[in-house]
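Residue numbers (our numbering), protein chains in the order written: chain A, 138 to 499; chain B, 202 to 390; chain C, -18 to 271.
Just so you know, these hints were derived from the structure itself, not from any lab. You may find that some hints are simply not true.
Pairs of lysine-lysine, DSSO-like flavour, derived with a Cα cap of 30 Å [as the list claims (entries may be wrong)]:
hint	chain 1	residue 1	chain 2	residue 2
1	C	K79	A	K147
2	B	K344	C	K79
3	A	K484	C	K214
4	A	K468	C	K67
5	C	K155	C	K67
6	C	K199	B	K386
7	C	K63	A	K468
8	C	K174	C	K199
9	C	K63	B	K386
10	A	K468	C	K214
11	C	K63	A	K484
12	C	K67	A	K202
13	A	K484	C	K142
14	C	K63	A	K202
15	C	K174	A	K147
16	C	K199	B	K344
One letter stands for each residue in the lines below.
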Amino acid sequence: MYVAVKGGEKAIDAAHAWLAEERRGDVNVPELSVEQIREQMTLAVNRVMAEGSLYDPDLAALAIKQSRGDLIEAIFLIRAYRTTLPRFGSTNPVDTEAMQCDRRISATFKDAPGGQILGPTFDYTHRLLDFKLAADGEAPEAPRRETQAGPVPHITDFLNKEGLIQTEADSDETPRDLTREPLELPADRALRLQSLTRGDEGFILGMAYSTQRGYARNHAFVGELRIGTCAVEMDIPELGFAVEIGEIELTECETVNQFAGSKSEPPQFTRGYGLVFGQTERKAISMALVDRALRWKEMGEDNMGAPAQDEEFVLYHADNIQATGFLEHIKLPHYVDFQSELELVRKMRAEAQAQTMPEAAE
Amino acid sequence: MHATALTGGFAEAPQDAARAFRAVMNVMARPGLIEVLTGAEPPAPMSRAAGTLALTLLDGNTPVHLAGALDCPDLRDWITFHTGAPFAGREHAAFAFGEWDDLLPLNGYPIGNPEYPDRGTTLVVEMPALETTGATLRGPGIKDTAALNLPDPAALQANAMQFPLGLDFFFTCGDRIAALPRSTKVEAA
Amino acid sequence: MNQEYNFAYLDEQTKRMIRRAILKGLAIPGYQVPFASREMPMPYGWGTGGVQVSASVLTPEDTMKVIDQGADDTTNAVSIRKFFEKTAGVATSEETAKADVIQTRHRIPEEDLREDQILVYQVPIPEPLRFLEPRETETRKMHALEEYGLMHVKLYEDISKNGAISTSYAYPVKVEGRYVMDPSPIPKFDNPKLEMAAIQLFGAGREQRIYALPPYTKVVSLDFEDYPFEASKADHACDLCGSETSYLDEVIMDDAGGRMFVCSDTDFCHSRRAAGHVGAQGVPFEEDAA
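All chains, please: the whole structure from these sequences, using the hints.
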């Protein structure tokens, strides 16, 4: 005897309880604190802040704890929290030239004013599992040196002095806000950059990689990659000047790309740009490559039909919260649509059978 | 800023706005239907219904045009204080408020474009009276026919001819409101 | 009610933006109005568009009903109903007749809706032309120019290949002779019900679109003179309540091919059984409840 399924509510409550238990894991192992995640899983925290579009290391660490280390789930928690926050105002653009750099490298010049700083990078580590770390994670203190004070000029500025690199259009216009207005195409560069900086690291990386392999290749060099902290300032109308309200860690990448020039313009280098919250250099470099690929129209380049040149394709598929939601929704019940397909296939098969075997049908 | 600007808002904004929107949506979905719309107390000469609609729908993203007698300091201050909506000429208005003659000519307002027909202005017309008699209305939202005392059936007929482009109208009188979207076919009585 | 969040979760500015979109949607029936969808605390694809629309139309006095696949007790329906109980403090009901606002995924209730009711659909892909043309920039032009030839070609190709139109759900409709619209993935059995007394609102969160059908709007399922539209369902009666007119779910009973058909609209089935109707495999209502 069949009784219509009931008990969805109970099943959900039980699933949530089980989830909480699994999140905690073996209770004989000490619980992870939010501070531990924030301090020791920093790059995960950075990714969650960048793609969650909210700069708050503590909340990002909490989200990672709550999501059992599923970073897309953690990003989702941050996004959902972010939308409930009231907006008090907008800050002034950050001045990355005034960045306190922890890392600054250039692939185009051996040295430049301000110097190269390797900083805390994995680049030259040999990727050998460090079994010592399993037992003892304490690290010796790193050597220190006074850094020079004052702004560190961008390396592309040196190229610009000779007019060798295209000058970017400067505008005081307030860019449109992807989180407050529906995406409308064609999108201008500011909107594209907004989308890329919060886009999925894996997706942006894949797109960037495809340009390197020849799908709209644009010959990128890392003109400069810098990571460090920048002051965030906000104009206070009552005071008549800007005050510093905090500082954030940023990764900025400017690529130097080839440009063939045209009849009217002598050859010049062009740029791609990436700017991402936290120490997130894979993402920032990828972003710069994809930014450059998306600029084909403005540069008078050919549309190679490459995925990374296709603004609609890139912008509509870069967001992992949209993508994961829609992907995972196919596990929701689809009894009704499936039933309608089932009926249709049965009916069409019956009709086909009746046609091929008219005698049998009689 | 005059003190009247600070008063006359919603007592309980989320709940009041929700109730007000229900009435606003009902009339837009059923051209010719008249509903009571209250909650706000705007300064004269704006009607209570128009003021409530303003607080329900306007904010910093909706340029608003005030026509004729409604374009007065008291009302401007009130709208600024309660909604933050910027004032604009009719050619940039998302919403326009006024009496019919003051709102004319209709061809001064955006009617949207073929790809985004929703970008047409919504006009809120203050009426001396609001009755379900007069021009005959047909179209979406109307079972057979409806009737409303429209100010100028011919002009509204012409507006509907532009469908899917065009203007959408609310008509207010005291604490009552009705609507005429561009989709409604108008026949003079 | 949870005081940490605003009434019905969304902040007032977001609600105003959505309310304006709803009004334009009602003024241009079948046209997809872009709106700045917010991230919700449930995933995109799980009803965020419907939830945002419901949150913007609910009043504190309303009674709400949430169904998924016609049923009130499917997990996602339960989850969304709980969300509104918590954030809007509204009353909820499983009875279609008692609800002021009904949020649905994939079904239209069997019982006729009234003028004072609002039906909110969750929509995954609002663009009916999307599977023929993936580019938004192109489909927007096609709607602007009323260029729907591609859709008719697709349907006709179906007929020539399969002898029938092979779309059985999300069957496209033309609204008031102008816009081709996706009715959301309801079975085509439900299409004739799209002309109704209630206000119908469609919300697509991830795709950032809202559209609407005012009451009694003319909605025609696309078809051809020689292949007219047919609202089909399983050729059975409900095995629990005996209804011969309701849309049915097929339930597999054992691994020997045993199956039964039951109403997908659980409230409809329940009230029929309460009124004494018994299907071929059903038992009288009182016994089951005991």
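Violated hints - listed by number, lowest first: 5, 9, 11, 15
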